[in-house]
Amino acid sequence: MQIGICVKYCGGCNPIIDRAKLVQEIKKLLSPEFILSDGQTQEQWDIGILVCGCLTACANKPDFKNSAVKWILVAGHSVDHNNVPEKELASIVLAKLK
Amino acid sequence: MALKTAEQYEESLRKMNLKVYLLGELVKNPVDNPIIRPSMNSVKMTYSLAQDPQHEDLMTAKSHLTGEKINRFCHLHQSTEDLVKKVKMQRLMGQKTGACFQRCVGMDAINAVDSVTFEMDKKLGTKYHERFIKFLKMIQKEDLVVDGAMTDPKGDRGLSPGKQEDPDLYTHVVEKRKEGIIVRGAKAHQTGAINSHWILVMPTIAMSKEDADYAVSFVAPADAEGISYIYGRQSCDTRKLEGCEIDVGNRQFGGHEALMVFDNLFVPWENVFMCGEYEFSGALVERFAGYHRQSYGGCKVGVGDVLIGAAALAADYNGASKAPHIKDKLIEMIHLNETLFSCGIACSAQGHKTDSGTYLIDLLLANVCKQNVTRFPYEIARLAEDISGGAMVTMASEKDLRHPEIGKLVEKYFKGIASVPTENRCRILRLVENITLGTAAVGYRTESMHGAGSPQAQRIMISRQGNLEQKKKLAKEIAGIKD
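Chains as they are written, first to last, in our numbering: chain W, 1 to 98; chain Z, 99 to 581.
Because the hints were derived from the structure by calculation, they are not lab data.
This structure is a prediction, so every number in the text was calculated from the model and none was measured.
Misleading hints may appear alongside valid ones.
[Stated by the list, open to error] Computed spacing ranges between beta-carbons, pair by pair:
hint: 1; chain 1: W; residue 1: 24; chain 2: Z; residue 2: 340; range: 35 to 45 angstroms
hint: 2; chain 1: W; residue 1: 40; chain 2: Z; residue 2: 307; range: 52 to 62 angstroms
hint: 3; chain 1: Z; residue 1: 506; chain 2: W; residue 2: 24; range: 50 to 60 angstroms
hint: 4; chain 1: Z; residue 1: 179; chain 2: W; residue 2: 37; range: 38 to 48 angstroms
hint: 5; chain 1: W; residue 1: 80; chain 2: Z; residue 2: 221; range: 48 to 58 angstroms
hint: 6; chain 1: W; residue 1: 86; chain 2: Z; residue 2: 425; range: 18 to 28 angstroms
hint: 7; chain 1: Z; residue 1: 273; chain 2: W; residue 2: 37; range: 37 to 47 angstroms
hint: 8; chain 1: Z; residue 1: 521; chain 2: W; residue 2: 18; range: 19 to 29 angstroms
hint: 9; chain 1: W; residue 1: 18; chain 2: Z; residue 2: 517; range: 20 to 30 angstroms
hint: 10; chain 1: Z; residue 1: 521; chain 2: W; residue 2: 1; range: 31 to 41 angstroms
hint: 11; chain 1: W; residue 1: 84; chain 2: Z; residue 2: 146; range: 26 to 36 angstroms
hint: 12; chain 1: Z; residue 1: 502; chain 2: W; residue 2: 80; range: 20 to 30 angstroms
By construction, the Cβ of each residue, glycine as well, lies at the ideal position given by its N, Cα and C atoms.
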């Protein structure tokens, strides 16, 4: 069974992490059953990853939360509000996908 | 199509027929003119970032008029969150261009004209707001650039518009016809005018009854018959004609201003949003200025980010980055830059709803924001020059660096640390030069001083909005004074 993941970004006005690089790292680590998308379509996804450049996470609003069953929030050096070293961000997100 | 691509924007400009004079000549093709093109690239970036999933959350908004996804530069702010996102978008744009990206002035104009025309119609029974909304829907649908045009040449500053020796020194209505109005005059310092599809003209000051002909607001296509532009010179602008990329500092992006002249411009009534209602001219000026003073808490911060980064790299390349005073100067630059951002965010978060539903910033805080902008970029620029060292203005040219004989001397004697090529050091020092005293200094320095109103204009507003009587009451209460 394939699992669809959508990625949404904050606007990126002053990011303290490289958001695009992080998504690339996550993509590389994903096993084949996961399909990563930019979330531009209206379909419902199994999992959403909201990638925000800083702890403010201003894009973390209810507007689009219905577009995925489960959301993982990356906000600066944190995943779901837990601080983590930048180099571990991708692996921690990956662990939450499973 | 509510979002144009960057390429579609460029093509749309090619179809226009603007009458632009630059260095004494009529420009046949402004889009490809090497002096003008970098400014077009900056506006173009407002289109490409809106298409980028990594930035669309800031760069786009949902139109409250149509429900369509639109470029935020065409949006009327519907909440304080919209006002905050506006500032963040402007910071992002400053970071991506290192220059003035010109589209803010139209966004600020549409937001000011919306609430003022709504209130005019409510009080006077006019139809200006209805006309304005029709215009705005077209702008949103076509994703067009609007140049908000406020500043008149003003001639003798000691005289009111009607008392000037030459009446055209303030833009005014010279004739009212059944089909529309005839306008004469000019607008000075028009940011991004050559890269705009439409112009939105507003009065320059609060007008009195005797100057009612000067209380005029309208829109016109930027290439309408009767409008011409005289392009503003910038420091070091002709370096762009030399065919080099290092010496220009920022080879891709820039900004521009122009003098916009109205020579008996005909404007049909459907495009007129104020014509003689002088009692509303002050509100329009105040709101536009307020929004634009908020804007500077975003755009200048983004350019400041680039300048701070350039200064830090210059220190790295000079081998000076570990010196405590260099570290401290970079901290000071960041502190000043983030203070400006704080002001931009604060006046947005403290915004409020107007009668039309469009949100307005906190005017006191927006004026405090701009007052700081008249000072801090100068200090940030001073520190950038301090850190960079004198080579930023004494360095040899790119042609000397590439020269088959003396190139090796330039390579040898302009070298910093061994691990960094001389060319990279030259590039970063030229970028500092560009922002602090080259073409981009127009936007980063003098525009910070005078754009959106000179410092004294903010001090007048701070005085009006400062609630001094309340502060006196507080002091009396604490001091035990009973009147």
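In rising order, the numbers of the hints this structure does not comply with: 3, 4, 7, 10 and 12
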